[in-house]
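For chain A, the structure is supplied; the task is to place chain B on it using the hints.
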Amino acid sequence: MFPCFGVNMLTKEQVQYLAKLSRLELNEAEVKKFQGQLSAILAYVEKLREVNTNGVEPTAQATGLENVARADEADTFGGETKVGVVANVPKKKGEYVQVRAVFD
Amino acid sequence: MELVNLSIKESHEGLVKKKFSCVELTQAYLDRIKKVEPKINSFVTVTEKLALGQAKAVDKNGVEKKQMLSGVPAALKDVFCYEGVGATASSKILKGYIPPYHATSVARLKQQGMVLLGKTNTDEFTMGSSTETSAFGATKNPWDTTRVSGGSSGGSAAAVTAGECAYTLGTDTGGSIRQPAAFCGVTGLKVTYGRTSRFGVMSMASSLDTIGPLARSVEDIAYVLQAIAGSDTRDSTTPKVAIPDYLAALVGAEKSVKGLKIGLPKQYFIKGMDAEVETSVREAARIYEKMGAKIIEVDLPLTEYAVATYYIICPAEVSSNMARYDGVRYGSVEAAKTLYDTYAKTRARGFGDEVKRRIMIGTYVLSHGYYDAYYKQAMKVRTLIRQEFKKVFEGVDILLTPTTPTTAFKIGENADDPIKMYLADVFTIPASLAGIPGLALPAGFVDKLPVGVQLLAPWFAEAKLLSVGHAYQQVTNWHKERPSL
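As given, the protein sequences belong to chains A and B, one line each in that order.
Mapping of the first sequence onto our numbering: position 23 corresponds to residue 23, and the numbering continues sequentially without gaps.
Mapping of the second sequence onto our numbering: position 98 corresponds to residue 98, and the numbering continues sequentially without gaps.
Treat the hints as calculated values from the structure; they're not laboratory data.
All C-beta atoms in this analysis are idealised placements derived from N, C-alpha and C, irrespective of residue type, glycine included.
Worth double-checking, as some hints may not be accurate.
Label-pair ranges, simulated between beta-carbon atoms [unchecked claim]: (1) A:L21 - B:G62: 51 to 59 Å; (2) A:G64 - B:K261: 23 to 31 Å; (3) A:V68 - B:A285: 37 to 45 Å; (4) A:Y96 - B:G412: 44 to 52 Å; (5) A:E66 - B:A335: 42 to 50 Å.
With a Cα cut of at most 30 Å, we get these calculated BS3-like pairs of lysine-lysine [what the hints assert, rightly or not]: (6) B:K345 - A:K32; (7) B:K345 - A:K33; (8) B:K92 - A:K91; (9) A:K47 - A:K12; (10) B:K337 - A:K82.
Chain A on its own, in the form it takes in the complex (with noise of 0.2 Å):
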């Protein structure tokens, strides 16, 4: 779908796509506008390009730690809590969260 990189201008169809990819409705001016800023920024960050990283290990975390768990123990919340949760569903059916089809 995308063409190798070093492109100067992302296509409307890959700003389509990504729109897709991102769950993101845009209108055509916003295609637009967004093709021209997206574009821009890409072209910005090319600048990494210029740096040697060779054998270099790439930070995944900032920390260092390892496995950070906890015991394998379940939590259970009621009460006030439970219905604070409940409450900021948008589109519910008693204490169950609504959703459309997600088969179809």
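What follows is chain B alone, placed relative to chain A:
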């Protein structure tokens, strides 16, 4: 005695000695908020009833003598969850969301007796450097209301300088505490990544986000940090590092500057920055020299790649973190016939442009075929930037830099130019990538607009950072200046 300009210590002492009641102190802040809000728009929600209820309880039960924050009114950036109080991240997509729990940092402050005045404005989901991307309008700079307050913690910084609260909590991912602190003339601390808990604070970029205080002095910052620092079982990125006595670290601050090696990185003095901003930093260096510090020029050659690195890593993490806002479990939802449309329409209507830009950039750089060239490369450059700081701290104790290349720009000036906006964070981003702490200090004025300097220290060296910053505030008065609103 202007109650709204008292320091945390003065506020607390006043309450203990019964010079004024907590209700009087809180009401003074609420009155101030009512007076200046039409001019600056720093609050999303003002919790008047809650605040007065809490103040009455403090007066009834007696202020905690040993807890400096007891009874002191504060505000929280609107990405912090305070149980029962709306949290919006200044976004339409979280309209109506009421957190059913406290963030850990909030719970710790509440335990210390914080009185909550309200939630402050931010760039939408903290994405921005001016608080202009807020769905509720920009926060205006109290020093010049035609200019931005900075971002993303612009509401927090403006509220502190305008006397609308004694202190606030903000978040700093690429400069979002330090930059608005500089634009508004207040003191702001970005902690070492992991020094404070992010639990209950809406995530933007999980490997970069930090939470920290903004206040009117380093001493005030120290009180707040003392209350919130420390590992949290609910945030697995908080290492178990001992919490020093930050207040004790301030004692004898001036003396401990003697012999201190302060590095001035030459890559932080660039073309395009205001000449007067540079002058302020060099003046601060002279002040430290007079106190006995040794100023050493140092080299951080990867600095020029920091913004590009950040604007790959940050959007990548944003694209992941924003996936949860889908109209299903909380916030606003758009009517739609299919699940896909529910997501696509809800997010299209609920998110602003900057959020959409970052989600799409992030999606692009993480996608198959692009991951190695962009994201992996950025993560490697990040390693090199970290190593570069590690090396420089072998030769100096602290770095002194400008906080921002310019003073506060005009509202609307950078709004249509994302890259120009991103470059506002050129001096704050490197420290974020490395995870080191940074302190923004008011250091003067240029054309009546505040200028800040930044101190950077090694990982978990907040005690030294605050001490060196406090020493500067012992011999200067910039942090005491207030706008005439």
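Checked hints:
1. A:L21 - B:G62: 51 to 59 Å: For G62 (chain B) against L21 (chain A), whose Cβ atoms are near 57 Å apart, the range 51 to 59 Å holds.
2. A:G64 - B:K261: 23 to 31 Å: Holds: the Cβ-Cβ distance is about 26 Å, inside 23 to 31 Å.
3. A:V68 - B:A285: 37 to 45 Å: At roughly 41 Å between Cβ atoms, A285 (chain B) and V68 (chain A) fall inside 37 to 45 Å, so the hint holds.
4. A:Y96 - B:G412: 44 to 52 Å: Holds, at about 46 Å.
5. A:E66 - B:A335: 42 to 50 Å: holds, 46 Å
6. B:K345 - A:K32: Roughly 18 Å between the alpha carbons, so the hint for K345 (chain B) and K32 (chain A) holds.
7. B:K345 - A:K33: holds, 18 Å
8. B:K92 - A:K91: holds, 17 Å
9. A:K47 - A:K12: holds, 24 Å
10. B:K337 - A:K82: holds, 29 Å
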